[in-house]
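There are 2 protein chains.
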Amino acid sequence: MTVDKNDVKLIKDSLAKVMVGTGAENLQHGRDFYKYFFTNFPDLRVYFKGAEKYTAEDVQKSERFEKQGQRILLATHILANTYEDLEVFKAYARETVTRHRQFKMDPALWLAFFTVFVGYLKSKNAIDDDETEAAWHRLGKIFNEECQKHLKASGLPSTEGQTA
Amino acid sequence: MTVDKNDVKLIKDSLAKVMVGTGAENLQHGRDFYKYFFTNFPDLRVYFKGAEKYTAEDVQKSERFEKQGQRILLATHILANTYEDLEVFKAYARETVTRHRQFKMDPALWLAFFTVFVGYLKSKNAIDDDETEAAWHRLGKIFNEECQKHLKASGLPSTEGQTA
Numbered sequence: 001m002t003v004d005k006n007d008v009k010l011i012k013d014s015l016a017k018v019m020v021g022t023g024a025e026n027l028q029h030g031r032d033f034y035k036y037f038f039t040n041f042p043d044l045r046v047y048f049k050g051a052e053k054y055t056a057e058d059v060q061k062s063e064r065f066e067k068q069g070q071r072i073l074l075a076t077h078i079l080a081n082t083y084e085d086l087e088v089f090k091a092y093a094r095e096t097v098t099r100h101r102q103f104k105m106d107p108a109l110w111l112a113f114f115t116v117f118v119g120y121l122k123s124k125n126a127i128d129d130d131e132t133e134a135a136w137h138r139l140g141k142i143f144n145e146e147c148q149k150h151l152k153a154s155g156l157p158s159t160e161g162q163t164a
Numbered sequence: 001m002t003v004d005k006n007d008v009k010l011i012k013d014s015l016a017k018v019m020v021g022t023g024a025e026n027l028q029h030g031r032d033f034y035k036y037f038f039t040n041f042p043d044l045r046v047y048f049k050g051a052e053k054y055t056a057e058d059v060q061k062s063e064r065f066e067k068q069g070q071r072i073l074l075a076t077h078i079l080a081n082t083y084e085d086l087e088v089f090k091a092y093a094r095e096t097v098t099r100h101r102q103f104k105m106d107p108a109l110w111l112a113f114f115t116v117f118v119g120y121l122k123s124k125n126a127i128d129d130d131e132t133e134a135a136w137h138r139l140g141k142i143f144n145e146e147c148q149k150h151l152k153a154s155g156l157p158s159t160e161g162q163t164a
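Protein chains in written order, with the UniProt record's numbering: chain R, 1 to 164; chain V, 1 to 164.
Only chain R is shown next, with the shape it has when bound in the complex (with noise of 0.2 Å):
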């Protein structure tokens, strides 16, 4: 399979918009991810041992979700450069799938990331347009899709055999 090179620029160009970096502005963007995920997703933090009951003014003040939020940033700007070298994006699948291994989380949560993912852009203005927001579900198809095998691969629970 071959990967739309429209859809790449497209979410290039949105995630242009939340740039990781060391300033106060692209520090601020990771943050931002994390309160539009725990207000959002309230239920979700309990992933997050010791901020399960954390508020987007808790986010605010913690230096945890600071640098978490650089790290997830990283992670989608990663996804979207290696877009195009799939072989290299489906092993960073695998990798990252393999650090979350210790967080038993449900498998489900691979795709729905993107969901949440892709609200946080809208959030921030990154995403205007239905076209960029349908390039990162198919981003988002693919990733979950190696996400899936490889859990599968690794004899932990997948949502293969589970869903439509």
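Simulated from the structure, these hints should not be mistaken for lab results. Incorrect hints may have been included.
Note that the list lumps identical chains together, so a pair holds whenever it fits in one copy or between two copies.
Calculated cross-link-like contacts (lysine to aspartate or glutamate; reagent style EDC-like; alpha-carbon spacing at most 16 Å) [what the hints assert, rightly or not]:
id	residue 1	residue 2
1	LYS67	GLU95
2	LYS9	GLU131
3	LYS12	GLU87
4	LYS17	GLU87
5	LYS124	ASP13
6	LYS17	ASP128
7	LYS17	ASP129
8	LYS53	ASP13
9	LYS122	GLU133
10	LYS9	GLU84
11	LYS12	GLU84
12	LYS5	GLU133
On the provided structure of chain R, position chain V as indicated by the hints.
Same frame as chain R, now just chain V:
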């Protein structure tokens, strides 16, 4: 600063010969890195707890180095794929340094890595010209600059002030 597009092409072309993946050939590319590394730089095995005396033959049989081989190759593919998106490249450098904090590495190794890696690529016939080698060293220089800056900002030993 901007990155030379031809450097990116040369670097990516060399890495295409040591692609990551789950196939036997891909896994061997990864093992081959550590076989080359431990044979040619045996003193650096000290950083690999439990493998301080590993020979190339030990690496070949090791599940740990099968996985580690994919991880190091993936990291270099990520460098190549983010090189033109320089803020992402630098964020990846910082994240890599942070993740290696526990190993208390000599800070000079962040630059030295590229001498090892270029040697490995040559041993795999993935580099056979001076231009590609020079492109890798230019990438390594920029990567290392960000690593040293981040080490210093994190209050850790860096090479800044130590070398000309």
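Evaluation of the provided hints:
{"no.": "1", "hint": "LYS67 x GLU95", "in the structure": "between (20 Å within a copy, 10 Å between copies)"}
{"no.": "2", "hint": "LYS9 x GLU131", "in the structure": "within (11 Å within a copy, 29 Å between copies)"}
{"no.": "3", "hint": "LYS12 x GLU87", "in the structure": "between (19 Å within a copy, 13 Å between copies)"}
{"no.": "4", "hint": "LYS17 x GLU87", "in the structure": "between (26 Å within a copy, 12 Å between copies)"}
{"no.": "5", "hint": "LYS124 x ASP13", "in the structure": "within (13 Å within a copy, 36 Å between copies)"}
{"no.": "6", "hint": "LYS17 x ASP128", "in the structure": "within (12 Å within a copy, 39 Å between copies)"}
{"no.": "7", "hint": "LYS17 x ASP129", "in the structure": "within (14 Å within a copy, 38 Å between copies)"}
{"no.": "8", "hint": "LYS53 x ASP13", "in the structure": "neither (34 Å within a copy, 48 Å between copies)"}
{"no.": "9", "hint": "LYS122 x GLU133", "in the structure": "within (9 Å within a copy, 42 Å between copies)"}
{"no.": "10", "hint": "LYS9 x GLU84", "in the structure": "both (11 Å within a copy, 14 Å between copies)"}
{"no.": "11", "hint": "LYS12 x GLU84", "in the structure": "both (12 Å within a copy, 12 Å between copies)"}
{"no.": "12", "hint": "LYS5 x GLU133", "in the structure": "within (15 Å within a copy, 29 Å between copies)"}
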